[in-house]
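S.K.: Sequences listed follow chains A and B, in order. Quick note on the numbering used here: the first sequence kicks off at -5 and runs consecutively. Quick note on the numbering used here: the second sequence kicks off at -5 and runs consecutively.
Treat the hints with caution; some may be incorrect.
[What the hints assert, rightly or not] In silico BS3-like pairs for lysine-lysine, Cα to Cα no more than 30 Å straight-line:
| # | chain 1 | residue 1 | chain 2 | residue 2 |
| --- | --- | --- | --- | --- |
| 1 | A | K64 | B | K35 |
| 2 | B | K16 | B | K35 |
| 3 | B | K13 | B | K32 |
| 4 | B | K32 | A | K20 |
| 5 | B | K47 | A | K63 |
| 6 | B | K47 | A | K64 |
| 7 | B | K16 | B | K3 |
| 8 | A | K50 | A | K95 |
| 9 | B | K3 | A | K20 |
| 10 | A | K20 | A | K64 |
| 11 | B | K47 | A | K50 |
| 12 | B | K3 | A | K50 |
| 13 | B | K3 | A | K64 |
| 14 | B | K34 | A | K64 |
| 15 | B | K30 | B | K47 |
| 16 | B | K47 | B | K12 |
| 17 | A | K50 | A | K63 |
| 18 | B | K16 | A | K20 |
| 19 | B | K16 | A | K50 |
| 20 | A | K20 | B | K12 |
| 21 | A | K50 | B | K35 |
| 22 | A | K20 | B | K13 |
| 23 | A | K63 | A | K20 |
| 24 | B | K34 | A | K63 |
| 25 | B | K13 | B | K34 |
| 26 | B | K32 | A | K64 |
| 27 | B | K35 | A | K20 |
| 28 | A | K50 | B | K34 |
| 29 | B | K3 | B | K13 |
| 30 | B | K16 | B | K32 |
Hints were generated in silico from the structure; no laboratory data involved. These numbers were taken from a predicted model, which means no experiment stands behind them.
Residues per chain, in single letters:
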Amino acid sequence: SQQGEEDPQALSIQEGENATMNCSYKTSINNLQWYRQNSGRGLVHLILIRSNEREKHSGRLRVTLDTSKKSSSLLITASRAADTASYFCATLGYSTLTFGKGTMLLVSP
Amino acid sequence: DTEVTQTPKHLVMGMTNKKSLKCEQHMGHRAMYWYKQKAKKPPELMFVYSYEKLSINESVPSRFSPECPNSSLLNLHLHALQPEDSALYLCASSQARGGGLGNNEQFFGPGTRLTVL
Chain A
-5 SQQGEEDPQA LSIQEGENAT MNCSYKTSIN NLQWYRQNSG RGLVHLILIR
45 SNEREKHSGR LRVTLDTSKK SSSLLITASR AADTASYFCA TLGYSTLTFG
95 KGTMLLVSP
Chain B
-5 DTEVTQTPKH LVMGMTNKKS LKCEQHMGHR AMYWYKQKAK KPPELMFVYS
45 YEKLSINESV PSRFSPECPN SSLLNLHLHA LQPEDSALYL CASSQARGGG
95 LGNNEQFFGP GTRLTVL
């Protein structure tokens, strides 16, 4: 079964607003990764946060990890129309990644 | 070169056809993966190759046959597929060191959109 469960399933915002997506998982992890997928295309790795880290930044992305609650959040600040995509969290299983169901983000100009 | 390439981009095949999907990377990655993704669903792992050896097969039906001829290439041979096998097939690669495959960022190709009639 899938490890990660993102919410919301879909998010619609205006350009310039911030977008927050959450991911919950069930078992202990070594790391949690976030990926982006534009419609029908391959996935692009955004950020990896290790289990001993609480927060990580990369450009307009901020990821937090709360291992006690088994949850992570991805914040995209000052969103742009080009951020429109599906976002997946992925957790490390037995040597492999398991992807959550994803959040579909729509950023309107 | 940080690109994973996949050919063909689109493939339509009948249930009696035999076809192959190809994936190539030149990043020196020694782990390569096949995923299957249905519409509006997350990618599901099919196979993992580590150092050109099949290390994980996620109970995939035998009508899918992977092959890793060398460290840069990964093929997926298809035979006697069913319409429900229609999906986006994604290839990915990563380093194979540093505590395990999942500890490394995976680089994905653009995928092959497969339609089985």
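S.K.: Of all the hints given earlier, name the ones this structure violates by number, lowest first.
M.R.: Hint check: 5, 6, 9, 11, 12, 13, 18, 19, 20, 22 fail, others pass.
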